[in-house]
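The chain contents come next:
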Amino acid sequence: MSTLTVTPLPALQPRSRFGVIAWVCSVFLVVIVVGALLAPMLAPYAPDEIDFDNIWSSPNAAHWLGTDQLGRDLLSRALFGARDSLLGPVLLLLLATVAGLAIGTLAAWKGGWVDTLLARITDVMFAFPGILFVVLVIAVLGQGAATTIVALALAYTPVIAKYTRSLVLAEMVRPYVDAYRLQGVSPTSIAVRFVVPNIAPSMVGYLVVLFGDALMSLATLSYLGFGSQPPSSEWGLMVQEGQSAVIQGYFWPVFVPGALIALVVVAVNVVGVKISDRMNARMR
Amino acid sequence: MSTEVVGLTKTFTAQRGAAPVRAAQGVSFTIPRGGSLGLVGESGSGKSTVARMIAGLERPDAGSIMVDGEDRTRPARGGLARRRRASQVQMVFQDPYGSLDRRLTVDQALRHAATVAGAASTQAASSRARELMDAVRLPADTASKHPRELSGGQRQRVAIARALASRPSLLILDEAVSALDVSVQAQVLDVLHELRAEAGVSLLFVSHDLGVVSRITEETLVLYRGAQVEHASTESVLHDPQHPYTRMLVAAVPGEGWDPDAVVELRREFERSALS
Ligand SMILES: Nc1ncnc2c1ncn2[C@@H]1O[C@H](COP(=O)(O)OP(=O)(O)OP(=O)(O)O)[C@@H](O)[C@H]1O
Ligand SMILES: [Mg+2]
Numbered sequence: 001m002s003t004l005t006v007t008p009l010p011a012l013q014p015r016s017r018f019g020v021i022a023w024v025c026s027v028f029l030v031v032i033v034v035g036a037l038l039a040p041m042l043a044p045y046a047p048d049e050i051d052f053d054n055i056w057s058s059p060n061a062a063h064w065l066g067t068d069q070l071g072r073d074l075l076s077r078a079l080f081g082a083r084d085s086l087l088g089p090v091l092l093l094l095l096a097t098v099a100g101l102a103i104g105t106l107a108a109w110k111g112g113w114v115d116t117l118l119a120r121i122t123d124v125m126f127a128f129p130g131i132l133f134v135v136l137v138i139a140v141l142g143q144g145a146a147t148t149i150v151a152l153a154l155a156y157t158p159v160i161a162k163y164t165r166s167l168v169l170a171e172m173v174r175p176y177v178d179a180y181r182l183q184g185v186s187p188t189s190i191a192v193r194f195v196v197p198n199i200a201p202s203m204v205g206y207l208v209v210l211f212g213d214a215l216m217s218l219a220t221l222s223y224l225g226f227g228s229q230p231p232s233s234e235w236g237l238m239v240q241e242g243q244s245a246v247i248q249g250y251f252w253p254v255f256v257p258g259a260l261i262a263l264v265v266v267a268v269n270v271v272g273v274k275i276s277d278r279m280n281a282r283m284r
Numbered sequence: 001m002s003t004e005v006v007g008l009t010k011t012f013t014a015q016r017g018a019a020p021v022r023a024a025q026g027v028s029f030t031i032p033r034g035g036s037l038g039l040v041g042e043s044g045s046g047k048s049t050v051a052r053m054i055a056g057l058e059r060p061d062a063g064s065i066m067v068d069g070e071d072r073t074r075p076a077r078g079g080l081a082r083r084r085r086a087s088q089v090q091m092v093f094q095d096p097y098g099s100l101d102r103r104l105t106v107d108q109a110l111r112h113a114a115t116v117a118g119a120a121s122t123q124a125a126s127s128r129a130r131e132l133m134d135a136v137r138l139p140a141d142t143a144s145k146h147p148r149e150l151s152g153g154q155r156q157r158v159a160i161a162r163a164l165a166s167r168p169s170l171l172i173l174d175e176a177v178s179a180l181d182v183s184v185q186a187q188v189l190d191v192l193h194e195l196r197a198e199a200g201v202s203l204l205f206v207s208h209d210l211g212v213v214s215r216i217t218e219e220t221l222v223l224y225r226g227a228q229v230e231h232a233s234t235e236s237v238l239h240d241p242q243h244p245y246t247r248m249l250v251a252a253v254p255g256e257g258w259d260p261d262a263v264v265e266l267r268r269e270f271e272r273s274a275l276s
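First to last, the sequence lines map onto chains F and L. Under this note's numbering, the first sequence has 206 at position 206, and the numbering climbs by one with no breaks. Under this note's numbering, the second sequence has 245 at position 245, and the numbering climbs by one with no breaks.
In short, the hints are calculated from the structure, not lab data. We treat Cβ as the ideally placed atom computed from N, Cα and C, and that holds for glycine. One or more of the hints may lead you astray.
As the list claims (entries may be wrong) - No farther apart than 20 Å at their CA atoms in a straight line, the calculated lysine to any residue pairs in the SDA-like style are these:
| id | chain 1 | residue 1 | chain 2 | residue 2 |
| --- | --- | --- | --- | --- |
| 1 | F | 110 | L | 75 |
| 2 | F | 162 | F | 140 |
| 3 | L | 145 | F | 282 |
| 4 | L | 145 | F | 121 |
| 5 | F | 162 | F | 130 |
| 6 | L | 145 | F | 278 |
| 7 | F | 162 | L | 79 |
| 8 | F | 110 | L | 74 |
| 9 | F | 110 | L | 145 |
| 10 | L | 145 | F | 281 |
| 11 | F | 110 | L | 76 |
| 12 | F | 110 | L | 59 |
| 13 | F | 110 | L | 57 |
| 14 | L | 145 | F | 130 |
| 15 | F | 162 | F | 121 |
| 16 | F | 110 | L | 79 |
To be verified - From chain F, some residues computed to sit far from chain L (all C-beta separations above 12 Å):
| id | residue |
| --- | --- |
| 17 | 83 |
| 18 | 113 |
| 19 | 120 |
| 20 | 166 |
| 21 | 176 |
| 22 | 185 |
| 23 | 208 |
| 24 | 277 |
Pulled out of the complex, with its shape left as it was, chain L reads as follows (with noise of 0.2 Å):
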C-alpha cells in the first residue's frame, strides 16, 4: 500500500487587499509502502499546507490523494472513518509543546491515544502505551511528566508515540526536528529509522533543511512557492541538483566549503532566472 498524491493545490484567498497565495500548485507524489519523500523549500514555501492536506487538516482545492486505496480528498464522515483514516495516516506537528495537551501526563496522553486507536481494555491501553514508549526511547520516568515537565526532545517523542499508537502507513513529520539541537536530532532521526526497519512506517519529511532530509529520506521534492521544482532520489538533489533553487538550497546546507556568500550568490543568479 503507497500513498499517491496528484496535483495538489491549494490557494488561500488573504485579507481583501492582499494577493491570494499559491501554497501549492499541482504537487505530484508517489511514495511507495516503506519509503520516504522529503519535502523541502524556504519559509512560505507550503510544505506545511501540502502535508496538512494530506493529513486531512486542510482541503484541497484541486488534486487527490489516496492513501492505502482510499481517496482521502474529501473529509471523513462518521466515527468509522474518522477512526479508519487515522490508521492510514498521522503527523507530527513543528510545535512540540504546542501539540501535546498541557493537561496530559505522558502516561495519560499515550493511554487515551491508545484507546482512542482502539485498545480493547485499560489494561491493553496501558500496556501499548508503555510499547510506545519504549519504541521511541522515551525513559520510564517521563511517564508522569507533564509536557511543560519534558525536554523539547523529549516532547517530540512523546509526540511521535502518540501518532504511532494508530499503526499508521504513512507517518508525516513537519519540522519534526528542526528546533532540536544536533545531538538530539540524531536520537530522534535514529528512532525514525528503526520505526521504518521495524514497523514498515512510509514517512513524509518536512524540512527547510536539506541537510537534515538527506540523513532519511530516499527521494526528495522541493518546493518553490508551492510549485514543485525538483523531483529525483535524495542522492542526485544533493549532488547534480537540476533547478537553480535547488541549486541554492543545496549551497546552503552546512558543512565541508560551506560559503555563505556563495549562497547569496546563487540566490541573486536563481532569482534573475525566475525573472526572466
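One chain only, chain F, in its complex shape (with noise of 0.2 Å):
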C-alpha cells in the first residue's frame, strides 16, 4: 500500500499510452461488433443459402471466405453467428457478475455464515471440472443457447464472488473506509456507493479476461452439441460443422470460425487491459 506523501513528479508517472497493438485489436473489435450488428445489410448471402454447385470452395471472388460442405458461404455465416457468439458471452457475464459481485461483498464484508458458504459453494467448484457442471445443469433444464447461458452464469459466478471477496477485503482495511464509519455513514451504504465502486477497475480488468474465457466455453459447449443449436451459426457450432470438411482436406470451414475465435479472445485481452491500467491509472 501506498503510503507516500509525495506527488510523484509529471515525467515520472506512467504514460499509460494506449499503444498501436491496442489500437488494432479495438479496431478490429469495433469490425466484428459492427459486423455482427449490421450482418443482414452486410452478408452478401443469407447464412443458410445453400448452393451444392460450390461446396468446400476457398475463397474467391464469389465467396470471399470460402463455402462449407452444403455450399453456404462462410463469410455471411461467420457475420451472423458473431451475434450469438459474442451476445452469449456478454450475457452470462452480466447475470454472473450482478449475483457475484453482491454474494463477493456481503461475503467479505459480513463474514461469518455467508463467507463460509461462499467458500464451500466455490471448494465445490472449483474441485468440480467446470465443464462437467455445466453439462449437468444443462441435463437438468435441457439443451439450447439459452441455457448454456443460465448454467455458465452459474459457474462463473463464485469465480467472480471470490475476486470481489478479495477485493472487498483488501479495500475494507483501507483507512478511507474507517473514515466513512465515522461519518456515520451506514455499513451497507459504505460497501454499495463507495467500496465497489472502488474495486471496479480491477473488476472491470477481470471481467475482460472472463470474456475472452467465456466466449471459449460456449464456443466449446455448442461444439459438442450442447448450446447453440442449427440453423444458429454461431462460431463453435460452425468449427463442429466443419469438422467434415477438414477430413476431406478443405480448412476453410474449420479456420475461419476458428481464427475469429482466437482472435478476438486476443483483442479482448489486450483492450481490456489497456482500459484496466488506464482506470487504475486515474485513481491511484
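Got two chains here, separate frames each, mind docking them using the hints?
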C-alpha cells in the first residue's frame, strides 16, 4: 500500500499510452461488432443459402472466405454467427457479475456464515471440472443457447464472487473506509456506494479476461452440441460442422470460425488490460 | 463536556504460536472541553489502538469511554446513534492518502461529509464545504482536485476538514503531521491551534515525537507496551521526566544539545531498570 505523501513529478508518472497493438485490436473488435450488428446488410448471402454447385470452395471473388459442405457462404455465416458468439458471453457475464458482486461483497463485508457458505460453494465448484458442472445443469434444464448461458453464468458466479471478496477485503482495511464509519455512514452504504466503485477498475480488467474465457466455453459447448443449435451459425457450431471438411482436406470451414474465436479472445484481452490500466492510473 | 477514559484494555491474540500483544493495559485519562492531550510512545506502544478504541473503531476488552456524557464503550446501534457519535469524536488518520476516497474530489468529499453530518440541502452542504476548506486554509483551487493531485499537507488538511464536518467535541489526530515536512507541519499545527481557540475542540494528539506533541498539548501521556508510564503536564514531562522511558523519549527530541549516543545510553539504562 502506498503511504507516500509526495506527489510524483509529472514526468515520472507512468504514461499509460494506448499503444499501436491496442489500437489495432480495438479497430478489429469494432469491425466485428459492427459486422454482427449489420449482418443482414453486410452479408453477401443469406447464412443458410445452400448451393450444391459450390461446396468447399476456397476463398474467391464470389465467396471471399470460401464455402462449407453445403455450399453456404462462410463470410455470411461468420457475420451472423458473431451475434450469438458475442452476445452469449456478454449476457452470461452480466448475470454472473451481478450475482458475484453481491455475494462476494456480502461475504467480505459480513464475514461469518455468508463467508463460510461462499467458501464451501467455491471449493466444490473448483473441485468439479467446470464443463461437467455445466453439462449437469444442461441435463437438468434441457439444452439450447439460453440454458447454456444460464449454466455458465452459474459456473462463473462463484469465480467472480471469490475475486470480488478478495478485492473488497483488501479495500476494507483502507483508512478511508474507517473515515466513512466515523462519519456515521451506514455499513451497507459504505459497501455499495464507496467500496464497490473503488474496486471497479480491477473488476473490469478481470471481467475482460473472463469474457475471452466465456466466449471459449460457449463455443466449446456449442461444438459439443449443447449450446446454440442449427440453423445458428455460432462460431463453435461452425467449427463442429466444418469437421467433415477437414477430413476431406478442406480447412477453410474450420479455419474461419476458429481464427475468429482466437482473434477476438486475444483482442479483447489486449484492449481490456489497457482499459483497466487507464482506469487504475486515473484513480491512484 | 469532556472525554473520560477509564481502564482501557486491549489484548490482540495473534496467530497460533505467537504471544498475545497487550496493546493497552488500563489506560485512563480525562480531557476537558477544549483541552488537549498528547499520547506518545515508540512504534508499537499501542497509541493507535487507544485512539481507535476511543473513536469506536476497535472494541476494548475492558474499561469505559465517555464522551459528552455518552458511554461509547459498546458499538452504536442504528443510524441515529451513529450520527450522534459522529458529532462526538472524529479522527485524522496516520496515512493521509489512504484515508481519502480516491474517487472523490475535495469538494465532493467535503459536501458528502457535510450531508452526512446533517446539512439540510445541497446548497447548505456546498456552503459548509467551502467553510470547511477555509477553516483549514485550503486554497479554493484544490476544490476540484482528486487526492492524487494534492500534496501531503493538503491531503492532511482535507482529512482534518472532513473530520470537522460533524463539529466533533473531540478530534483525534493519529500521527497527523508526522509524515509532513517541518514547514507544512507548522501550518497544520497552526490550523489546529485556531480550531481549539475558535471552535473549542478537544484534541487527542498521537505522535511518537515528543517534540511535536509539546507544541500543541498541555498534557502528555506516555505509553510503553500498552501501559501508561507517565501522565503529567507537557511542561513537566519535557523538563522533569520521572520515568526512565520518558527520559529517553525526551533525550530523543532533536534540538539543542541533542546527542544520539546519550539516547542509546538512556535506552540501555531504561531496559536494565525494566528488567529488574
Ligand atoms: N488488528 C490487530 N491485530 C493484531 N495485533 C495488532 C492489531 N493492531 C495492532 N496490533 C498490535 O498492537 C501493538 C500496538 O499497535 P499500535 O498500532 O497501537 O501501535 P502504535 O503505537 O500506534 O505504533 P506506530 O507508532 O508504529 O503507529 C503492536 O504490537 C501491533 O502489532
Ligand atoms: Mg500508530
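Structure-based check of each hint:
1. 110/F / 75/L: holds, 16 Å
2. 162/F / 140/F: Violated, at about 26 Å.
3. 145/L / 282/F: Distance of about 12 Å is within 20 Å: holds.
4. 145/L / 121/F: Between residue 145/L and residue 121/F the Cα gap is close to 43 Å, so the pair fails against 20 Å, i.e. violated.
5. 162/F / 130/F: holds, 15 Å
6. 145/L / 278/F: holds, 18 Å
7. 162/F / 79/L: The hint is violated at about 30 Å.
8. 110/F / 74/L: holds, 19 Å
9. 110/F / 145/L: Given pair residue 110/F, residue 145/L is violated - Cα atoms ~33 Å apart, limit 20 Å.
10. 145/L / 281/F: Between residue 145/L and residue 281/F the Cα gap is close to 15 Å, so the pair holds against 20 Å.
11. 110/F / 76/L: holds, 17 Å
12. 110/F / 59/L: holds, 17 Å
13. 110/F / 57/L: Within the cut-off at roughly 16 Å; holds.
14. 145/L / 130/F: violated, 46 Å
15. 162/F / 121/F: The hint holds at about 10 Å.
16. 110/F / 79/L: holds, 18 Å
17. 83: holds, 36 Å
18. 113: Correct as stated: the minimum Cβ-Cβ distance to chain L is 20 Å, above 12 Å.
19. 120: holds, 23 Å
20. 166: holds, 18 Å
21. 176: Residue 176/F is in fact no farther than 12 Å from some Cβ atom of chain L, at 5 Å.
22. 185: Residue 185/F not clear of chain L: closest Cβ-Cβ about 6 Å, inside 12 Å.
23. 208: holds, 21 Å
24. 277: At roughly 15 Å from the nearest Cβ of chain L, residue 277/F sits farther out than 12 Å, so the non-interface label holds.
Going down the numbered hints, you'll see the structure goes against 2, 4, 7, 9, 14, 21, 22, while the others check out.
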